[in-house]
Amino acid sequence: MIFADDAIPSLDQVLQSVLAGENACVYAYGLIGALSTGSARTRARVGLAEHSAARDRIRRVLIDRKQVPAPAAAAYNPPFPVTDAQSASHLAAVIEDRLALVLADLVGAAKANNNAGALNYAVAAIEACAVRSTNWSGTVQAFPGLLS
Amino acid sequence: MKPAISRRHVLLGGAAATVTLALAACTSSATPDPNGPPPTGADDPDFTLRTSVVAAEALLIATYDATIAAHPDAKAELQTIRDNHAAHLAAVNTAGSISVPTPQAPQIPASLKSAMLQLAVAEASAAAARGSDCLAAQRWQFARELALVGASEASHRALLTGGAA
Chain A
1 MIFADDAIPS LDQVLQSVLA GENACVYAYG LIGALSTGSA RTRARVGLAE
51 HSAARDRIRR VLIDRKQVPA PAAAAYNPPF PVTDAQSASH LAAVIEDRLA
101 LVLADLVGAA KANNNAGALN YAVAAIEACA VRSTNWSGTV QAFPGLLS
Chain B
149 MKPAISRRHV LLGGAAATVT LALAACTSSA TPDPNGPPPT GADDPDFTLR
199 TSVVAAEALL IATYDATIAA HPDAKAELQT IRDNHAAHLA AVNTAGSISV
249 PTPQAPQIPA SLKSAMLQLA VAEASAAAAR GSDCLAAQRW QFARELALVG
299 ASEASHRALL TGGAA
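If you read the protein sequences in the order shown, they are chains A and B.
Residue numbers are given in the working numbering: position 109 of the first sequence equals residue 109, and the series is strictly consecutive.
Going from the second sequence to the working numbering is simple: count from 1 and add 148.
Chain A on its own, in the form it takes in the complex (with noise of 0.2 Å):
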């Protein structure tokens, strides 16, 4: 038992949350590649890449259940100064991380709730989280993003 047991999450709300993360993660890998060089700088273009099909494809989600998708912030300020590739990858590793979490709700929410599309869809972008966090940091953990 490594959650505490909340009240059945809302797709919708969740699927905003997940919209938030991924908007936010977008932001962040536009800021990390600028401070990155070599395979970093390619592993943040594809970060950047990965993340913005992500959000497209919850933005379409959510559309078509007849939601409006919040949009982006204009600017996102990192939790902690982010000025070279050292404070760049931390910071990728802590929004995968944190996305990893939101994702987890994800798929609490999408079983809750009988829907397939978004259970395989959130079981995928989990894992593709775990992985981008752990080639960033170099670590592992047994619960992405839950004591980090």
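Calculated from the structure, these hints are not laboratory results.
Note that beta-carbon positions come from the ideal geometry of N, C-alpha and C, so glycine has one too.
The reader is advised that the hints may include incorrect statements.
Computed footprint of chain A on chain B, listed as stretches where at least three residues anywhere in the stretch have a Cβ under 8 Å from a Cβ of chain A [unchecked claim]:
id, region
1, 219-231
2, 303-309
What follows is a list of derived Cβ distance ranges for each label pair [claimed, not checked]:
id, chain 1, residue 1, chain 2, residue 2, range
3, A, Gln86, B, Gln227, 39 to 45 Å
4, B, Ala217, A, Asn120, 34 to 40 Å
5, A, Arg57, B, Lys223, 38 to 44 Å
6, B, Ala258, A, Ala74, 54 to 60 Å
7, A, Ile63, B, Pro254, 47 to 53 Å
8, A, Ile63, B, Gln227, 44 to 50 Å
9, A, Ile63, B, Ala258, 54 to 60 Å
10, B, Leu260, A, Arg60, 42 to 48 Å
11, B, Thr196, A, Ala116, 41 to 47 Å
12, B, Thr196, A, Ile63, 34 to 40 Å
13, B, Lys223, A, Arg41, 30 to 36 Å
Following the hints, complete the assembly by docking chain B onto the known chain A.
Just chain B now, kept in the frame of chain A:
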């Protein structure tokens, strides 16, 4: 989005003072369930699934133990992953009510490279199996846990195959 804001994981605050946002997990908490453990034994619709996950994690742990014994130089890297699996097993084996036969570790290749590849393949299979388990789970809470376990196993595979910086 019931939990108070203090329980949320806020990633990036908006530049404008009015926009505070970003990655907020609405239901996640690292604290133990205050309402007690989920149903166990016959009450648990996921008992059979839990048992199979416990067996799978026990086999992974035995495989890591055997690999570390055969390749002690790799202990530093492998012990962390092995301990992740022990945490997975403990989380899934609610209230310690599930016991499985002692697993038989596979033969460990003499070459460290081959031994690491064997572990990477095992992790890839485990991650895929946890994904299927998510689909099969009855309780959404268990599916959510299994998703994180599978994500962890996918990241193990990434680390073992040297994707890390």
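For each hint, the structure was consulted:
1. 219-231: holds (count 3)
2. 303-309: holds (count 5)
3. A/Gln86 with B/Gln227: 39 to 45 Å: violated, 26 Å
4. B/Ala217 with A/Asn120: 34 to 40 Å: This hint holds: roughly 39 Å between Cβ atoms.
5. A/Arg57 with B/Lys223: 38 to 44 Å: holds, 41 Å
6. B/Ala258 with A/Ala74: 54 to 60 Å: holds, 58 Å
7. A/Ile63 with B/Pro254: 47 to 53 Å: holds, 48 Å
8. A/Ile63 with B/Gln227: 44 to 50 Å: holds, 47 Å
9. A/Ile63 with B/Ala258: 54 to 60 Å: The hint (54 to 60 Å, Cβ to Cβ) holds, given that A/Ile63 and B/Ala258 are roughly 56 Å apart.
10. B/Leu260 with A/Arg60: 42 to 48 Å: holds, 46 Å
11. B/Thr196 with A/Ala116: 41 to 47 Å: For B/Thr196 and A/Ala116 the Cβ distance comes to about 21 Å; the hint is violated.
12. B/Thr196 with A/Ile63: 34 to 40 Å: holds, 39 Å
13. B/Lys223 with A/Arg41: 30 to 36 Å: holds, 34 Å
Hint compliance for this structure: hints 3, 11 are broken, all remaining hints hold.
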